[in-house]
Amino acid sequence: MNDQALAAGSAERILVVEDLPAQAELARLFLAGLGYDVQIAGTAGAALKTARDWQPDGLLLDIELPDYNGLELLGHLKEEGSDAVVVVVTASASMELAKQAIRAGAEDFVVKPYNKDRLSVTLRNALQRRALTRSREVLETRLNRAETRLQDAEAKLGRKGFAGFIGASDQMRAVYDIIQSVARSKASVFITGESGTGKELAAEALHKSSQRAGGPFVALNCGAIPRDLLESEVFGHVKGAFTGATADRPGAASLADGGTLFLDEIGEMPLEMQVKLLRFVQTGTFSPVGSSKVTKVDVRFVCATNRDPMLEVQAGRFREDLYYRLYVVPVELPPLRDRGDDVLLIARHFLTQFAREEHRRFRGFSPAAEAMLTAYPWPGNVRQLQNVVRNIVVLHDADLVGPEMIPPPVNRPYAHEPRAAPPAPASEPAPAETAAGEAAPEVVVQVAAAVAEPMGVPAGLPRPIVSEIEIMPLAEMERRLVLAALARTDGDIPRAAALLEINPSTVYRKVSAWRKDGLMPA
Amino acid sequence: MPSDPPDFAAHLAEELSPEDFIQVLTLVSGDVEQLVASLETAAGAGDADACRAAAHGLAGAAGVVGAEALEKVSRRAMTNRDPAASLTATAAEIRSVANATLRQIAAVLAGGAPPVPS
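As given, the protein sequences belong to chains Y and D, one line each in that order. Take 1 as the starting number for the first sequence in our numbering and just add one per residue. Take 1001 as the starting number for the second sequence in our numbering and just add one per residue.
Rather than coming from a laboratory, the hints here were simulated on the basis of the structure. Mixed in with the good hints, there may be bad ones.
What the hints assert, rightly or not - Restricting the straight-line Cα-Cα distance to at most 27 Å, the calculated cross-link-like pairs of lysine-lysine (DSS-like) are:
| hint | chain 1 | residue 1 | chain 2 | residue 2 |
| --- | --- | --- | --- | --- |
| 1 | Y | K186 | Y | K208 |
| 2 | Y | K296 | Y | K186 |
| 3 | D | K1072 | Y | K116 |
| 4 | D | K1072 | Y | K99 |
| 5 | Y | K116 | Y | K186 |
| 6 | Y | K239 | Y | K186 |
| 7 | D | K1072 | Y | K112 |
| 8 | Y | K78 | Y | K99 |
| 9 | Y | K239 | Y | K296 |
All values derive from a computational prediction rather than experimental measurement.
Using the sequences and the hints given, assemble the complete structure.
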């Protein structure tokens, strides 16, 4: 019995493929004497069947076979994934065939007539090489599995970010997992979360992780577009469709063909437009404004809102049928105040980035400064934190950010109160400090003070600065308030509207009117 | 006509038990009989490919027992691509050599013992 068979306690299997009875029997006798378990196949077809059924460890293969060539049999075996070693038996006159067999995947060859020792050595070497290959493959497989498990563990335990997100909190890991899970699907995704939590970033992450990553990602802020232009922005228009339509123009739906269409602030979409969007979502077809031609596109829908979509449905502001079409996979982005130490991870990231951009020395935050950052409820979420860190970097230069560099309201003691009662959701009045660190006009603080002082400050909300209230006509107060909100949001009307808790279209309308009346620069 | 060496089949006798030796010689004898008959049929039909296939088998069978003369003429028939060569003449030559080999095998089998290696 051969060494391996002895060691394993079972004989290795050798299939002799030989059509001449005398040679087949001689091979069988030799191999049996060497301790192998032997079967004989007289044709290539029979050999293929036996190889499938019996799973031999090796084949002793004659090339000249009655039905088809031994090389073809070798090809079939390799195609079927057989890892049996093949030793070709050849007459000296067919050495060229033997070389071809080696190139086709045979392990070795023996020349007829062969004796028992030659066959033994050739076959044993071939089987040992196979055993080594198998051992290496097993080790590689184990190594790969171990590496995969390690990567998974690192991803779960230590992942500090994903596709542009920064954060290692359980809440964000859950978000990463959902994004990765749904990315490959074409299912519509509905992203919810307070303003500044990274809804567009999540939409982009979905796109980049999907099979559509090579296609376009088109984002459209439904709240930032006047309602009479929204249909054209989504579906495009043809020349002459309306005044000013001087040429055909594709809309977001066409531009996103083969990719992802991200409809941000979808809750701001007028109801009549929601009907058209529903048809588009249902059929994948639309007609550009001014055209009767139906266009079909392949688009994945990702929507976002900072409101509770179900509440919007109940309030009649969002169509229920559209809600169910789009709200297939919800992704809820947690507010920054619920993300624990993510605040520090993000703050350090921005500090490094802005220090590099502004040529500052900052390397980190002092413990006291970090305590302030982690205690603050961040009603404006990541966007607010980003602004605060930029404020610090622009106004200071040191190795460490100290508590004295933290701007109000983050540095105020009331900001360090327990977070048991979180700031109101976006549908509730936003705290006046939402965009701390930005150059907020004083009037906002004064108004907030005027409202907050007599009634007391709701639990969990930062207490505004108390200052003298300037009395003025209510319309002027409203204008100043809207302009202040626009200044604080860098002119972002949907965000300003969110701060003011009014519809963006109201802001558009008022701004247009003030410009017309000369109360605001054009 | 080439002749087989005096230690005809001696290597087999070394490597196999007497029973197995006899069994293999018997099988070789049968193979040679069958293959020569196939060769003659193919030659009569003018089927050169079938002639080459039978010659290939004969060369292999001859090699098993060390029948060098038979192996040599069989290989020549395998590789001969001369269209003018007479298949029947080749078959007749092989038949003659094969008969000699078969007689040697029969002698060994009749002796009841393998030849002593030289």
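* **Pair hint outcome, K116 of chain Y versus K186 of chain Y [Cα-Cα no greater than 27 Å]** => It is violated: about 64 Å lies between the C-alpha atoms, which goes past 27 Å.
* Mind checking the alpha carbons of K239 of chain Y and K296 of chain Y for me, to see if they're no more than 27 Å apart? => Satisfied, since the Cα-Cα distance of roughly 20 Å is no more than 27 Å.
* Pair hint outcome, K1072 of chain D versus K99 of chain Y [Cα-Cα no greater than 27 Å] -> Given pair K1072 of chain D, K99 of chain Y holds - Cα atoms ~23 Å apart, limit 27 Å.
* Asked: Taken at face value, is the distance from the CA of K99 of chain Y to the CA of K78 of chain Y at most 27 Å?
  -> With Cα atoms ~17 Å apart, K78 of chain Y and K99 of chain Y stay inside 27 Å; holds.
* Quick one, are K186 of chain Y and K208 of chain Y close enough, alpha carbons at most 27 Å? -> 13 Å, holds
* Given pair status - K186 of chain Y, K239 of chain Y, alpha carbons within 27 Å -> 33 Å, violated
* Compare the distance between the alpha carbons of K296 of chain Y and K186 of chain Y with 27 Å, and conclude whether the hinted pair is satisfied. => At roughly 16 Å apart (the allowed maximum being 27 Å), K186 of chain Y and K296 of chain Y satisfy the hint.
* With a cut-off of 27 Å on the C-alpha distance, tell me whether K1072 of chain D and K112 of chain Y pass. => 13 Å, holds
* Within a Cα-Cα threshold of 27 Å, do K1072 of chain D and K116 of chain Y meet the stated pairing? -> Satisfied, since the Cα-Cα distance of roughly 23 Å is no more than 27 Å.
The earlier numbered hints that this structure contradicts are 5, 6.
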